[in-house]
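Asker: One-letter residues, chain by chain:
2 protein chains.
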Amino acid sequence: MSTIVGIETADIRFPTSTMLDGSDAMNPDPDYSAAYLRVATDASDGLEGHGFVFTIGRGNDVQLVAIRDLGLQLIGRDVEEILDDMGAFSRSLVYDSQLRWLGPEKGIMHMAIGAVVNAMWDLKAKRAGLPLWQLLGRMSPEELVSLVDFRYLSDALTPEEALEILRRAEPGRAAREAALLASGYPAYTTTPGWLGYDDAKLVRLSHEAVASGFRQIKLKVGGDVADDVRRLALAREAVGPDIRIAVDANQRWDVAAAIDWMSELAPYDVAWIEEPTNPDDVLGHAAIARGVAPIPVATGEHMANRVMFKQFLQADAAQIVQIDATRVAGVNENIAILLLAAKFGVPVCPHAGGVGLCEVVQHLSMFDVVAVSGSEDGRYIEFVDHLHEHFVTPVVIEGGRYLAPLTPGSGAEMLAASREHYSVTAADRVTA
Amino acid sequence: MSTIVGIETADIRFPTSTMLDGSDAMNPDPDYSAAYLRVATDASDGLEGHGFVFTIGRGNDVQLVAIRDLGLQLIGRDVEEILDDMGAFSRSLVYDSQLRWLGPEKGIMHMAIGAVVNAMWDLKAKRAGLPLWQLLGRMSPEELVSLVDFRYLSDALTPEEALEILRRAEPGRAAREAALLASGYPAYTTTPGWLGYDDAKLVRLSHEAVASGFRQIKLKVGGDVADDVRRLALAREAVGPDIRIAVDANQRWDVAAAIDWMSELAPYDVAWIEEPTNPDDVLGHAAIARGVAPIPVATGEHMANRVMFKQFLQADAAQIVQIDATRVAGVNENIAILLLAAKFGVPVCPHAGGVGLCEVVQHLSMFDVVAVSGSEDGRYIEFVDHLHEHFVTPVVIEGGRYLAPLTPGSGAEMLAASREHYSVTAADRVTA
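Here the protein sequences line up with chains A and B, keeping their order. One point on numbering: in numbering that gives the first Met the number 0, the residue at position 163 of the first sequence is 162, and numbering is uninterrupted. One point on numbering: in numbering that gives the first Met the number 0, the residue at position 409 of the second sequence is 408, and numbering is uninterrupted.
Some chain A residues flagged as far from chain B (calculated, every beta-carbon gap over 10 Å):
id : residue
1  : T2
2  : G75
3  : R172
4  : D198
5  : V224
6  : G344
7  : S417
To list a few chain A residues with every Cβ distance to chain B over 10 Å, as calculated:
id : residue
8  : G5
9  : D77
10 : D84
11 : S91
12 : R137
13 : E142
14 : P158
15 : G171
16 : A181
17 : V202
18 : V228
19 : D268
20 : I396
21 : T430
Quick list of simulated restraints, FRET-style, between CB atoms:
id : chain 1 : residue 1 : chain 2 : residue 2 : range
22 : B       : G212      : A       : R76       : 45 to 53 Å
23 : A       : R289      : B       : L180      : 46 to 54 Å
24 : A       : E163      : B       : P27       : 31 to 39 Å
25 : A       : E141      : B       : A416      : 54 to 62 Å
26 : B       : S262      : A       : D427      : 49 to 57 Å
Hints are computed from structural coordinates only; laboratory data are not their basis. All values reported here derive from a predicted model rather than from experimental measurement. Where a beta carbon is used, it is the ideal one built from N, C-alpha and C, also for glycine.
Please model the entire structure based on the sequences and the hints provided.
Answerer: Dropping the structure here:
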């Protein structure tokens with residue numbers, strides 16, 4: 000038996016806006032940031048749970064206050080009681096009736112729940128001596144179903160259907176785990192395509208991406224249509240006809256504008272159009288999907304919760320689902336989303352990049368192929384080559400694939416030196 | 000010319016949970032709270048702008064930090080520049096690219112924008128010497144259209160269509176303003192129906208509501224179906240056949256459960272079913288609306304933004320739209336929602352109660368009847384008889400109607416003594 004004896008929160012910001020890394024049509028100058036949580040126990044193993052919410056600068060302090068408020072509730076609690084029933088733990092946070100008013104299940108308070116839930120998953124995986132993807136991938140279908148909150152999902156996915164999906168994937172688990180350990184999981188790269196890069200840099204980085212083994216790249220679009228056509232033509236020429244090129248409008252358009260704009264880009268063989276409009280707009284995305292077919296619509300990095308994902312799938316508004324490691328209420332809600340996607344037969348291609356998103360989200364895709372969808376067909380995890388050096392277990396990309404991480408934990412742990420160096424205020428430590 | 004020289008934020012909480020006032024199926028013990036903002040200028044008139052976000056307790060501190068962050072950006076800014084173009088001011092806050100990441104346009108950061116925008120509207124109305132409803136109701140259609148952010152709305156409502164709606168309502172403005180001043184606006188009351196009240200109290204308060212002149216009451220449902228049937232039968236017997244009774248499930252159900260449960264309540268002539276399921280679930284509400292017809296579905300108090308309202312109207316998922324004074328990004332976004340509702344011919348029946356919500360939202364309904372929908376048919380503002388005594392201009396209800404407020408401002412200003420008495424921490428004042 001052990002007890003949570005302390006938490007530490009830190010407002011960590013990297014001054015990325017000075018380099019135009021990460022610039023797109025809606026986010027011209029992001030400063031990649033993490034509202035970061037450490038959870039300490041009195042167990043003799045000395046293991047800690049780490050979790051964070053990724054933000055792009057201003058407001059990271061507000062996100063941190065929300066995480067700290069929730070984190071304070073952990074102090075003095077029994078560790079095993081939480082870790083032995085992560086479904087109940089997650090639901091207890093989501094259904095705090097007073098905090099729920101601040102969403103419900105969206106925005107700062109919901110992402111704060113995600114940081115806390117993920118920190119406890121990090122601790123659970125470390126205690127098990129397994130990387131999170133293996134810990135999850137070895138749980139029984141019944142255990143996995145117990146993690147999911149099916150409230151508001153029953154018109155699309157019942158616990159019985161989820162169990163059936165998971166049982167169907169059981170026979171091949173060991174073989175797929177071995178395949179992951181041998182050759183990793185497909186990645187695509189957004190590194191060439193930021194809107195702030197000039198043509199020469201775009202072409203050079205596109206060549207480099209192909210030379211490194213990537214089979215898909217992504218370009219930001221939505222600033223100016225003539226620029227987009229020119230940049231897409233240059234990229235297509237650079238990578239040749241066999242490499243997939245996705246485009247990402249970062250919510251720039253209304254419905255009709257999205258369809259018009261995409262008609263100009265369609266001749267260059269577009270792998271998907273990502274975030275064409277507001278992420279809350281199920282019906283708008285459905286109309287866009289009909290208007291740009293056969294180009295698939297991809298979205299999800301700003302989708303607030305499982306209820307939104309459910310509707311995008313019900314309405315055929317997204318043909319590719321993009322989960323994010325820190326947008327929803329943590330690992331549990333992302334498992335719900337993976338199950339929904341499997342039910343509808345839609346591939347999951349996670350959003351990553353930022354700071355630490357690659358390190359964490361790879362575990363969810365690897366869990367998906369092992370135990371949920373059972374497939375990596377048409378699936379790629381986003382990769383951006385920024386800020387990995389700050390993590391205890393940075394992602395490893397070889398031949399355009401994420402190598403399976405072997406270190407116990409969720410991947411969220413940032414190096415102590417980096418946390419200290421990039422904290423804009425002193426870390427805030429509270430102990431029992 | 001004048002300048003914003005200071006802001007004050009206060010974490011104000013009323014211990015309402017001790018009385019079970021406000022108890023419902025999802026919110027058993029709310030402590031009605033306000034994350035409160037005052038804005039001071041160096042003008043000789045001494046007028047201040049007041050705004051707040053209503054919460055139900057825990058998390059009010061996080062909401063306040065978000066408001067404070069935004070409020071600090073106001074200090075040193077030219078007052079007239081803001082007040083002369085409230086459309087541009089509102090958009091500048093909504094499209095802060097870094098803060099937008101924390102929603103986008105939802106949850107704590109979006110509501111914080113609402114508090115800041117509303118505080119500036121309060122100041123603008125005070126300077127004009129008019130209650131907010133009259134200030135808005137006397138603006139030209141062109142001025143009103145300039146206040147609205149049409150981004151993401153164009154598939155449902157264009158600026159030209161909005162202008163047409165407003166122009167169509169222009170001829171009758173003066174007559175409807177006079178009618179409001181003479182006899183007010185219809186109210187309904189939720190006072191009898193809280194889930195925590197026993198049967199005797201429910202019956203007594205139902206009788207009192209009718210005796211006071213209310214033509215509609217509302218009951219909370221969703222705890223236990225047998226209880227709901229018994230309570231609804233008692234209320235129907237108490238008020239007779241001519242008084243409308245609405246029911247409110249506060250998001251308690253999944254789709255199938257909502258339809259089943261409502262089939263038990265339908266015999267008692269239900270005016271509307273409110274919040275049957277998760278407020279993000281457009282498709283779920285549409286299915287419920289088809290399943291419970293002809294009972295209308297009402298929702299909106301937890302709807303994050305105009306994009307969600309747009310979809311509920313497009314999908315015929317809500318037959319009654321319930322705006323809230325402090326859920327979206329302030330007066331501007333609520334004008335967008337009023338215009339959307341008018342376009343679709345759906346009545347707006349605001350959510351109120353809490354603390355201060357009645358005082359503020361009445362201005363929006365009165366503006367609606369004067370200058371947008373031009374009608375009060377089927378429209379009622381919620382009324383709950385709690386905490387009005389803490390406001391400088393408390394609402395006045397006579398014969399079941401809100402009397403039109405005459406005091407300049409938005410209605411948001413809380414008495415200084417109440418703010419001080421119910422603040423849980425010292426007010427935080429920042430000056431230039």
